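Trainee: Model the full structure from these sequences, guided by the hints.
2 protein chains.
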Amino acid sequence: MRKIAVVLLGAAALAGVVACMVAATGPVDVDGQAMPGFGITLPPGYRDWKLISVAREAGELDDIRAILGNDAALEAYSTGRAFPDGTLIARLAWSLDASAENNKLFGKEQSFVAGAPKNGLQFMLKDSQRFAATGGWGYAQFDDGQPASEAMLTSCFPCHTAAPGGDQVFTRYAR
Amino acid sequence: MRKIAVVLLGAAALAGVVACMVAATGPVDVDGQAMPGFGITLPPGYRDWKLISVAREAGELDDIRAILGNDAALEAYSTGRAFPDGTLIARLAWSLDASAENNKLFGKEQSFVAGAPKNGLQFMLKDSQRFAATGGWGYAQFDDGQPASEAMLTSCFPCHTAAPGGDQVFTRYAR
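So the protein sequences, as listed, match chains A and B.
Mind the numbering: the first sequence is residues 1 to 175 in the working numbering, read in order.
Mind the numbering: the second sequence is residues 1 to 175 in the working numbering, read in order.
These are calculated hints, taken from the structure and not from any lab test.
These numbers were taken from a predicted model, which means no experiment stands behind them.
Be aware that one or more of the hints could be misleading.
In this list, chains with the same sequence are indistinguishable; a pair is considered to hold if it fits within one copy or across any two.
As the list claims (entries may be wrong) - Computed list of lysine-lysine pairs in DSSO-like fashion (alpha-carbon distance at most 30 Å, straight line): (1) LYS104 x LYS118; (2) LYS104 x LYS50; (3) LYS108 x LYS118.
Mentor: Right, here's the structure in full:
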C-alpha cells in the first residue's frame with residue numbers, strides 16, 4: 001500500500017515513453033549538431049519486465065501497446081525520483097484484432113486482442129554520459145529483430161524532449 | 001530464443017483469461033450444483049507480475065486491459081504445459097482516455113492512454129482440489145479493493161469454461 005501511495009504522489013510529476021513513431025523525415029539536427037548513433041543492442045529479458053502502462057495508438061499506427069520497464073525504471077516510478085542511469089523502458093506493440101471467438105461467446109462485437117507484433121520494438125536507455133548529447137537518453141528500434149537505421153532514430157529525441165512531465169518520458173504509471 | 005520458440009508452439013493450444021465481465025444475472029447452477037464461494041483474497045504483488053497480453057473491450061465495458069501472470073502462469077505459457085496448481089492470472093483494466101497532450105504533440109487525434117482503473121480487478125487461481133467443482137479454477141473480483149459478492153462471481157465459470165483453448169483460459173500469450 002505504501003508503494004501505491006508513493007506512486008500516486010509521484011505519478012503527476014512523471015511521464016513516460018510514447019513510442020517515437022512519428023514518421024522519420026530524415027536526419028534531424030539538434031541545436032545545430034548532428035544526432036549521434038545510439039548503438040543500443042536488444043536488451044535481454046525485456047519481455048519479462050514489469051508493466052508500466054498500456055495504450056492505444058489509432059490512425060496510421062493502429063496498434064495496442066504495452067510499456068514495460070526494468071527494475072530501475074519501476075523503482076523510479078514508485079519513488080518519484082529521477083530515472084537513474086541504467087533505466088530501460090520498452091514499448092511493445094501489436095495489431096489490435098477483433099476476436100471472433102470472444103465475440104461469439106459474448107454475443108457482442110466488443111472484444112479486441114493483441115495480434116501480431118507491429119510498428120517495431122522500441123527502447124529508451126538512460127545513460128547520462130553516453131547519451132549526453134540527447135539529454136541522457138538513447139533510443140533504439142528493432143524491426144523483426146533487426147536494428148532500425150540511425151536515420152529512423154533521429155526523430156525520437158526531438159519528440160520525446162517535448163514530453164510534458166520532463167526527462168523525455170511520456171508514459172505515466174497505470175495504477 | 002528457445003523460450004520464444006516454445007511459446008510459439010504452445011500458443012495455439014493455449015488460451016487466456018477474458019475477464020468475467022458478463023453481467024451477473026444471479027446465482028448460477030453448475031450441473032445442478034450451486035456454485036461454491038471461492039474465497040480468494042487479493043494476491044500480493046500482482047501489479048508486478050509479468051505481462052501475458054493486452055486487450056481492449058469496447059461496448060459497455062469500454063476499457064483497455066492487461067493480463068498479467070505469476071511465475072507459474074508464465075512457465076506454463078512458455079512450455080505449453082498445463083497450468084499447474086498455484087497459477088494466478090490477473091486482469092487489470094483502465095478507462096481508455098484520449099491523450100490531449102500526446103495528440104497536441106503528434107498533431108493528430110490518435111493517442112489513447114490508460115486512465116483510471118475500471119471494471120474491477122479480476123483473478124483466476126488454479127487449485128484442482130479446492131476448486132474441483134469448477135474445473136480447478138477459482139475466480140475473484142475486487143472493486144476498489146473490496147471483494148465482489150459471490151453472486152457476481154457465479155458468471156465467471158460458465159463463461160470461462162467455454163474458452164476455445166480449453167482449461168478456462170482465454171488469453172493467448174502476446175509474442
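Trainee: With 30 Å as the alpha-carbon cut-off, assign the pair LYS104 and LYS118 to within, between, both or neither.
Mentor: both (26 Å within a copy, 24 Å between copies)
Trainee: Between LYS108 and LYS118, at a C-alpha cutoff of 30 Å, which is it: within one copy, between copies, both, or neither?
Mentor: For LYS108 and LYS118, both the intra-copy (26 Å) and inter-copy (20 Å) Cα distances are at most 30 Å.
Trainee: Taking 30 Å as the upper bound on the Cα-Cα distance, should LYS104 and LYS50 be classified as within, between, both, or neither?
Mentor: between (32 Å within a copy, 28 Å between copies)
When the structure is compared with the earlier hints, no violation turns up for any of them.
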